[in-house]
Amino acid sequence: MHNTGKLIYLDNGATSFPKPPAVEAAMSHFLLKVGGSPGRSGHRLSQEAARVVFACREALASLIGAPDSKRVVFTLNATQALNTAIYGTLRRGDRVVTTSMEHNSVMRPLRDLESRRVIELHVVPCDRIGRLDAHHLEEAVRTHRPRLVAAVHASNVTGSVIPLREIGGICRAAGALLLLDAAQSAGALPIDVEADRVDLLAFTGHKSLFGPQGTGGLWAREGVDPEPLVRGGTGSNSELEEQPEFWPDRLESGTQNTVGLAGLLAGLQFIAAEGVAAIHTREEALVRRLLAGLEGIPGLRTHGPDHAEERTPVVSVTFDGLFPSEAGFLLEEGFNVLTRVGLHCAPAAHRTIGTFPQGTVRFTPGYFTTIEDIDTAIEGCRYLAAKKTGGR
Amino acid sequence: MSVEPGAFAIATFHSTHMVLKAEKMLKEAGFAGVRLVPVPSQVSSDCGVTVRFAAAEVARAAELLRTLEDDLQGIFLESNGGWEPFS
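These protein sequence lines map, in sequence, to chains H and W. With the first letter of the first sequence counted as 1, position 277 gets the number 277 in this note's numbering; the numbers rise by one all the way through. With the first letter of the second sequence counted as 1, position 68 gets the number 1068 in this note's numbering; the numbers rise by one all the way through.
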């Protein structure tokens, strides 16, 4: 056993922890020194708050290559952004194509619309390691002629990444809108909405963008204007009792999570300073070490692509004769290794890779994970596997 | 239209985001005395801010800000204690 008391946080796929110190400092500064309501008053503290939101919008647009930052709107999380994109865009009679690796934040809204006969839904199956074959998608798009294709950029279960540029080309050629769920990928993989031909992109602030929980958002291409889920005060057009049509106000009613956005801005500045490519290289090295260490452990199976370069830092494993919930508990008890077990809100993905209904034990290293942390996780897995196969 | 000495001009936008965008553009283009001020009630009933600059530079500012197309609501010049639309 190896329980030194240091917590080894391998659950960055759920939320990144720790955050860069500048994130805490920016939020603290906002609460102590700024504190105004953005876009609601003319005084200097309101202006400063508005500047935080503005800078955050610009930083986010720059990260994803969006030409016009006003088309980035902030939401509570990726789920709210995805719901806005789905419910705000789809109309009765629309056809939708999605993949079998989707998170419930996409699947549940789509299944809801399907069950109420608003849309027709077609799910393209991915392979046993969670990969989407572009040809299968192309075929589905040709057959079903969807108005919208919704796809997860990187799976939260296997870390498998879709061939985005190819998919974007297929959708654009067919006249289908591409909604990209970038919850796991924004900040971890390079994204260029122009070159990748994305039409709607949902992101979360609290995973690879290093912001706090309660931040996220949606970007939409010029000419793609989802209806709001929520209407209310925007600080603009106050003489009118109707919701403004213009961006970003059309989709941002009520006071924003400005303190959260102050933190998200610091996270985005951290990413800009480090570089997405450098972050990806570092995380890829951690995954490579983890995969190499887990390989060949009897009674343990890893799921997802074989090579670290084919995934975001997500490694799902199962143990013969040991439920994921037990394994996760023992990893924490014996090794202080914190993982996430079960279905990860993605039952379709687990059905695809054959791990439904028990799910997997998911290790998600992050930028601040060390080699030692990875080695302890490997040691823990080896211990659990040996215990189950009667090794001790 | 004559410009009163020391007078200001303002540009108004639908959203706070665009006001800040315009402020950034004006500052980057080297305009002096650019700052955010509350929207004058004579101009708009919005509760937010607008961007102010020297009226003497209004022609050059208008050229720049009109690249924002529909996002620009209007440009106004300070005149006789009120605000006159600049066209």
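The set of hints was computed from the structure by calculation and includes no laboratory data. From the three backbone atoms N, C-alpha and C, an ideal C-beta is built for every residue, glycine too. Honestly, I wouldn't trust all of these hints.
What the hints assert, rightly or not - Only some residues are given here: those of chain W computed to face chain H with a beta carbon under 8 Å: (1) Ser1015; (2) Thr1016; (3) Val1034; (4) Val1037; (5) Pro1038; (6) Ser1041; (7) Val1043; (8) Gly1048.
Violating hint indices (sorted, rising): Violated hints: 3, 6, 7; rest satisfied.
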